[in-house]
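Protein chains: 4
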Amino acid sequence: MTATKPWDQYGDYLGLDKILTAQHPRSTAAGHPAHDELLFIQFHQVYELWFKQILFELDDVITRLSGDTVDEHDMQPITTYLGRIVEIFKQTESMVDVLETMPPQSFVDFREYLGTASGFQSAQFRLIETRLGLERKQRLCVFHGEFDDNLCPASKGAIAQAETRPTLFQSLDSWLSRTPFVNLGDYTFWKEYRAAVHVMFDEKMRAAQAALLGDTLTQELEAIERGKQKFESIFDETQHAQAQKEGRWRLSWKALQAALFITIYRGEPVLQAPYAVLKNIMDIDELLARWRFRHALIVQRMVGMSMGSGGSSGYEYLMNTVTSHRIFTDVFALSTYLIPSRLLPKLPAEISGAMDYRYNKKETK
Amino acid sequence: MTATKPWDQYGDYLGLDKILTAQHPRSTAAGHPAHDELLFIQFHQVYELWFKQILFELDDVITRLSGDTVDEHDMQPITTYLGRIVEIFKQTESMVDVLETMPPQSFVDFREYLGTASGFQSAQFRLIETRLGLERKQRLCVFHGEFDDNLCPASKGAIAQAETRPTLFQSLDSWLSRTPFVNLGDYTFWKEYRAAVHVMFDEKMRAAQAALLGDTLTQELEAIERGKQKFESIFDETQHAQAQKEGRWRLSWKALQAALFITIYRGEPVLQAPYAVLKNIMDIDELLARWRFRHALIVQRMVGMSMGSGGSSGYEYLMNTVTSHRIFTDVFALSTYLIPSRLLPKLPAEISGAMDYRYNKKETK
Amino acid sequence: MTATKPWDQYGDYLGLDKILTAQHPRSTAAGHPAHDELLFIQFHQVYELWFKQILFELDDVITRLSGDTVDEHDMQPITTYLGRIVEIFKQTESMVDVLETMPPQSFVDFREYLGTASGFQSAQFRLIETRLGLERKQRLCVFHGEFDDNLCPASKGAIAQAETRPTLFQSLDSWLSRTPFVNLGDYTFWKEYRAAVHVMFDEKMRAAQAALLGDTLTQELEAIERGKQKFESIFDETQHAQAQKEGRWRLSWKALQAALFITIYRGEPVLQAPYAVLKNIMDIDELLARWRFRHALIVQRMVGMSMGSGGSSGYEYLMNTVTSHRIFTDVFALSTYLIPSRLLPKLPAEISGAMDYRYNKKETK
Amino acid sequence: MTATKPWDQYGDYLGLDKILTAQHPRSTAAGHPAHDELLFIQFHQVYELWFKQILFELDDVITRLSGDTVDEHDMQPITTYLGRIVEIFKQTESMVDVLETMPPQSFVDFREYLGTASGFQSAQFRLIETRLGLERKQRLCVFHGEFDDNLCPASKGAIAQAETRPTLFQSLDSWLSRTPFVNLGDYTFWKEYRAAVHVMFDEKMRAAQAALLGDTLTQELEAIERGKQKFESIFDETQHAQAQKEGRWRLSWKALQAALFITIYRGEPVLQAPYAVLKNIMDIDELLARWRFRHALIVQRMVGMSMGSGGSSGYEYLMNTVTSHRIFTDVFALSTYLIPSRLLPKLPAEISGAMDYRYNKKETK
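Residue numbers (numbering that gives the first Met the number 0), protein chains in the order written: chain A, 0 to 364; chain B, 0 to 364; chain C, 0 to 364; chain D, 0 to 364.
Bound-form chain A, shown alone:
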């Protein structure tokens, strides 16, 4: 660095000699320069820079979450980096506003020079999906063969290697499963919660019997019974196992209990950060879905119902991945099983005490 002039520090630091010389519009090379191709190139370069950042943060978070125990000090970087991924996905979504200034006719003018280059070949995006927890079997395939057939050998290898490491989904599941307060001493959250749920349904039944008659009452009682059965399906380990097998639940039974415990008692000191993690996870899942959705819409705007660049089936394929490639819908599904606060079981003093700070001499409520 010694020979660097003071004024070169900024450009040197940012590698601008590489960054600003990496744009080679093919329409120019082909002798039919299309004004908008530079935007198209740089737009995707910005995507790839953000993708690199997302992978970097994901790697750190997964490593911290995957240890045998997670040091509580780690909750700060974990929530910070997950929150950063949230903000980056917001950018990848909103920056499509820039690409939408390109008239479709302008895209046609350089599209023929793109050859088989396609966003489906973005190894970093595939890695993000894999590291988040998208499974190979869950992926929609564009045509025949495997999704990574159009990746280069190095990228294929990187994906294969990533598939052997813990994903965010897996590390989240095992971290949740270890939550000590769900079953501590004599306390069993699941038992307490099931009792509260029964109280809620009893209340509903009595209210229906007091207010309704005849067929209306019958229908209402049937609806209440269906609601009750829905709750029972998560209380019962066998039913949950069956649901997992059928792909209706992906979270393990233990993780599901802990996630619900955290959602309900989110105000307890030790649960505030875990609750932030669950919210971050939902935000990431939502934003990835929203980004996929906008991506599908810009493709539809630019090429209509044509085959996508690179020979993919384009808009329909992308639109299908919006819902089918989601990874953390189970965290959203938790809300199905919430009951009003006034009916929630109070935490025993020894449980809430364990979740408080040491400096607090007094027992919490």
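Read the hints as simulated data drawn from the structure, not as lab findings.
Certain hints may be false.
Any copy, or any two copies together, can satisfy a pair, since identical chains are not distinguished.
Listed below are the simulated DSS-like cross-link pairs for lysine-lysine, each with C-alpha atoms no more than 30 Å apart in a straight line [said to hold, decoys possible]:
#, residue 1, residue 2
1, K229, K253
2, K17, K203
3, K345, K51
4, K227, K17
5, K51, K89
6, K17, K155
7, K17, K51
8, K136, K89
9, K345, K89
10, K89, K17
11, K203, K345
12, K17, K229
13, K89, K190
14, K253, K136
15, K244, K203
16, K155, K203
17, K190, K155
18, K89, K227
With chain A fixed as given, assemble chains B, C and D onto it according to the hints.
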């Protein structure tokens, strides 16, 4: 106004005595005040204010577009008001960020007091859909019966009345159909464009024959033939009529031609504003779809897979409307039929001349 | 509610009979209907709804922070509601995009009917400023007299009453001042930190002496000495008192120490939520400033350098408030006094232990 | 390209071998890896990619606007590319959300390794300012010397060269000055407009005299007289020349007249695109100011009141440039001189006719 004190002018002007006293949290009335209900109420009140504005702008635009001829001076307010609807829909989408600060457990605490109140009863939103051009037969039904069964008689009447008036889709279609330059004197755009398309496919065929052999060549030639047939289906009036009947196209044959003409020759002075209208229409269609998508996601976050408030089927229903309730996908589909600029037929001098300004003495190229 | 038809529930719940009938464009009443006045009215009604929500959340947060002790369980609602205010301010800023679709000429067409109505009369906005901690003496005055001279007696009274209650700034300051870990047993954070700062400056001095000569060295040593004095000014109670008197610091000496402690040791379990509070406070301060800035810009766009509506001095006044009405710049100023992590004093075991959770048997590092 | 494997097309096309290998965190090189430095680097790389795009679009727009006459067909790309710059500046502003996830303490951990690297050395940003029209004499200097002293010789040369070429401000001014309709045949816009302004002030005077008495009347009449004089200052060529000399106006007298003409009669077909240009220019000026503002705020958040990296004076300098480096405030100032539409002079038939399309046989009103 004479009795109004100077300092009351602002509040008087904005009707703040009504606006700021229209919040009545039911959880408070029920004796179990839930902090987040005020947000829930005001959030939906903001929605309804924006909806009123959208209806007001839509009404003006449709009126202007529906005349026998559209005064070119009207293109300024038309693009301004459509652009405003775009910005409003951006707000209705982004403001969901505020509602996402509500923990699902907090929603449960006042949800039981909402009774049958449901966003499905928003008469203004239903009117927006109808006025844009969503048809009754196109609507997904929540259960049985008609979509407007849960609207009050006055709102049902308003919808029924709106169904007798021109929609944005209809007025757009007839306005496009009247575009004079598509067939003017000896000039027939469709004939010229078809010839250019044939040149493109001949070029592709020759390139394939020069570069490929055997099965690869056969496959490529078949793909080219399929592409050609796709174009023929819009050039041929009978095929288009069939496509309309089967719901694959909604735009009339004449409107489709004009829309493609405008998309291609968007730089001609008289086409710059119409092109802006087409872009605005795509933006509105996209943003309404994005708003539906976020709405579905926040419902999933708040109630999981539960039945929605008001007895609706919730998340799945809303997610299904995202694509099935779209109205202007035909404008996006136009891009399927674009060809590179270098192959586009040049406009005859009398056509481009007619599309220029009078003050311009010289003939445009 | 018994007489309400099912379909009226939604409109009833949201008070739509009030909300949607509170728009009375004066240009229409005057016989010169201006299309854009409805937007202008509803835009400000949305502002006022969001303002009401901000006041509601602020009130809750200040109450929780103002107690003699703050229950750690309260950190969850405190950060949630502050985070919500952040999101609302983002909306009030971004919604200006909608108003920018109004051509200035359209504003002129109804501006003459606004009389003395002016945004300066928004009692709720004035209350937000006061409750956040903007002091009467700090306010720029539009002309002569007091800022609230153009508010109605009831609003003036509400402001006066708010001035007798704790503000967010005050409750933040006293809450910070009570942070127990800053001085606990033998441990005095300020002493430890001062020592670490000295080590940093010694390091810098030695590096300068090893690398530089002559005048360059002299200048560098002077710069280092200035840096050192800057730090000393916060370590020394008398100097801080003087700075407070001169308005260079607003935070009390104790609060300043605690805020720096929290910023530095933000990973300690008990400090994670307080750090989130400090970040929320900076976000709110930034977003309020950004909203003021956009508000000044839209006023400049609509009326140029004219006197604002209501006789105020318009753009310049608003632009001046952007920086002069900021309340929490002290929290930003903390960053002036940070040193690299590798130089930070390690926390004694009894301090970090007290800040951890009870369930954690092992002593944290 | 022949040797490229299909799967390498995407990476090859985007130059990912350069883009994704241009990150070299110095804290890692120094043996104290700071997690957040990668974000810091990539964040600024994204900035530079967007800057390159802005320069590319600016160059095209200036070239088109700088010809002796501007082909009306060029208005389409001009408004498209200006609109694109608007969207890019929105991104450069909103992406600060990502950087705000970096705790100030984390920045301190690698700041010491940045040496004299500083955003002030971004040659591309300086070029954007210059090409937009920021003049050397208008620039705030950080210390002593010229603003480009800390740029490398090549960048200094690029700036110097840019200073010899037309800027966006200059090309806008001369393009506006050539607007033919402002003075056409017997028609002189300025004369007509001045007469209408006088009618407005006469009306105001009569209204005051009818409604007010004594001192109030005197004061009101004085205020009206001041308003009148303000208008006279733009009608009078000598006064405008003086204002230009004193830096109160930057637009030439002819450009000012044309800009007002376009603002007022924006609905005339030939003025719709020029009006869009004026709106784009205001949007760009506003967004650049907003970006500067956020940049100042993030600097304040990260380093407080410290000297900025690279030895600059940091936050205060940046905050000062927010208003002092604005370039197109004259376009905002136009709104000062608007009058209600009902008082606007009607355009003579030959003027409005000239501004219409040739195909329109009927004379427009």
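(request) Taking the numbered hints from earlier one at a time, note which ones the structure violates and give those numbers from smallest to largest. (result) Numbers 2, 3, 4, 9, 12, 13, 15, 16, 17 and 18, in rising order.
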